[in-house]
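Protein chains in written order, with this note's numbering: chain A, 289 to 430; chain B, 289 to 430; chain C, 13 to 129; chain D, 13 to 129.
Honestly, the hints are just simulated from the structure, not real lab data.
Remember, it's a predicted structure, so these values are computed and weren't measured experimentally.
Ideal placement from N, C-alpha and C gives every residue a C-beta, glycine not left out.
Be a bit skeptical, because a hint or two may be false.
No farther apart than 27 Å at their CA atoms in a straight line, the calculated lysine-lysine pairs in the DSSO-like style are these [stated by the list, open to error]: (1) C:Lys121 with C:Lys78; (2) B:Lys347 with A:Lys347; (3) B:Lys347 with C:Lys121; (4) D:Lys53 with D:Lys79; (5) D:Lys78 with D:Lys121; (6) C:Lys53 with C:Lys79; (7) D:Lys79 with A:Lys347; (8) D:Lys121 with D:Lys53; (9) C:Lys79 with C:Lys121; (10) A:Lys347 with D:Lys78; (11) D:Lys53 with D:Lys78; (12) C:Lys79 with B:Lys347; (13) C:Lys121 with C:Lys53; (14) D:Lys121 with D:Lys79; (15) C:Lys53 with C:Lys78.
So the derived list for chain D, only partly shown, Cβ under 8 Å to chain B, looks like this [what the hints assert, rightly or not]: (16) Gly30; (17) Trp43; (18) Ile108; (19) Glu112.
As a plain string of letters, each chain reads:
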Amino acid sequence: MTFEPAQLSLSVAGSSSGIERVCESFETFSSAHALPDDVRRSIQVVLDELLSNTVRCGKVGERPLTIEVGFRLEPDALRVEILDDGTPFNPLEREAPDTTLPLEQRPVGGLGVMLVRNLVDQITYDFEEGRNRVLLRKRLET
Amino acid sequence: MTFEPAQLSLSVAGSSSGIERVCESFETFSSAHALPDDVRRSIQVVLDELLSNTVRCGKVGERPLTIEVGFRLEPDALRVEILDDGTPFNPLEREAPDTTLPLEQRPVGGLGVMLVRNLVDQITYDFEEGRNRVLLRKRLET
Amino acid sequence: MNLSDERRGDVLIVRPEGRIDTNTSEELERWLMSRIDGSLKRLVVDMSGIDYISSAGLRVLLMTVKKLRGSGGQLVLGGLNPSVRQIFELAGFLSIFAVEADVDRAVAKLTGAAAGA
Amino acid sequence: MNLSDERRGDVLIVRPEGRIDTNTSEELERWLMSRIDGSLKRLVVDMSGIDYISSAGLRVLLMTVKKLRGSGGQLVLGGLNPSVRQIFELAGFLSIFAVEADVDRAVAKLTGAAAGA
Ligand SMILES: Nc1ncnc2c1ncn2[C@@H]1O[C@H](COP(=O)(O)OP(=O)(O)O)[C@@H](O)[C@H]1O
Ligand SMILES: Nc1ncnc2c1ncn2[C@@H]1O[C@H](COP(=O)(O)OP(=O)(O)O)[C@@H](O)[C@H]1O
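Chain A extracted, bound-state conformation:
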């Protein structure tokens, strides 16, 4: 049996409209391949967390950021690759926030990276040729 992977990749500016374009493209990709709702929603959240962080924190001096995103559908999983030329940032390095604090002590912020780590099944990170590369894998059934 041969398997032709469904793929999509795009390159956008590191800005809110760039993020929007990625989200819309992924929405289209999800419908075209009838991805399960939980997978689609999880990946949308993951994209928002990672891309908005890069846009907010990743800028190095005056140079505009470029973000590349690739989706690839395999028989049992969706793979997502995110590349950016911003400041080096390893999402695996960051310590998880305390999610058991009572309301009064809860910081307003700091949850994004933790959500990403919990919403996918696998993450790898490397910094190569001046770019951050995050690879994500999300299983299609549980």
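Since the structure of chain A is already known, use the hints to place chains B, C and D with the ligands on it.
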């Protein structure tokens, strides 16, 4: 013998002009108390690193940031306190970058927090009542 | 994002629709903040129209409940889909928010009445 | 920040003065980038007028040397005060930059001549 500490504290907006105001105030404070040049320069670098990171990365949603900085001169050390109401960030948590990489592999960025840790003698961090608090101590003689 | 609201007695029900992410959360924030003044005591957020929520949205809800409780008010959420509920769970938000299955139960919780069908 | 430059034969000497921090580094970046074109092969940055440098300034110098070497050029720095030198040391920049005691030695290094007094 009694010792009257020399103190200065100010509150600024989390913006580049806010940072500028802090740097200028510290410059004045340094001259007034004849701080050694190496101490003055180290603290100027530390202020630039920490405050510019907060302005660049710390913003939470639409709310404008406020940064408070206090300087206090003790007999043998300068203490600096920095408070901000941005996203929780512990500078002690971050792993040091690899500073032995050859030129081609050097990321352009990621050095600021490492410099801060090396330029002062002591740092403590806590997040309390919704604010990041960084306390720094720099000895006046080596 | 589509935003609407409804009054049932002294309960204000707000109904955002679509996704709550970095782009849309600012709009939601402004909208919620404009509705929470010192006199509002009972707020329900009907989440049944929300497809997904990211941490930017959690932040807005956290600010809302903090502000509301500060003035003696209460917030109950209703109608979270399984994905939204999972995000709440991961973030530890189920222990700081009152969450009901649907909007009728959320209103009932605030008014002390029995839940509607 | 005050910026000036000088030519000695085919060596361009640039002299920034003041502090190189987040605010001033953009100006320095634009200025250096405008001077580095494919034809420039030998650049000296005279650092003797620099009071202190933060990581934003290191970034600009790193970009400059990368770009210059990419087109076969060379960069030598001269006249770092002890604080600036310490920053270079901490950042591991002494092993990727050619650093001389003063601008004359920096020029000599590039032209192969003996150092001036
Ligand atoms: N792309 C990035 N570049 C630099 N720093 C980042 C990046 N993404 C995340 N960070 C860092 O990780 C922290 C945590 O991110 P997150 O968990 O999303 O919470 P928040 O964004 O609310 O602080 C950020 O405050 C920032 O310090
Ligand atoms: N105040 C802050 N709020 C949130 N994140 C921060 C803050 N300061 C630093 N960071 C995080 O730490 C990282 C490293 O900072 P730094 O060492 O100064 O290098 P750079 O700013 O070049 O990335 C930032 O990319 C960001 O992820």
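Review point. Which hint numbers does the structure go against, in order from smallest to largest?
Key: Numbers 3, 16, 17 and 19 - these are the hints that the structure violates, sorted from lowest upward.
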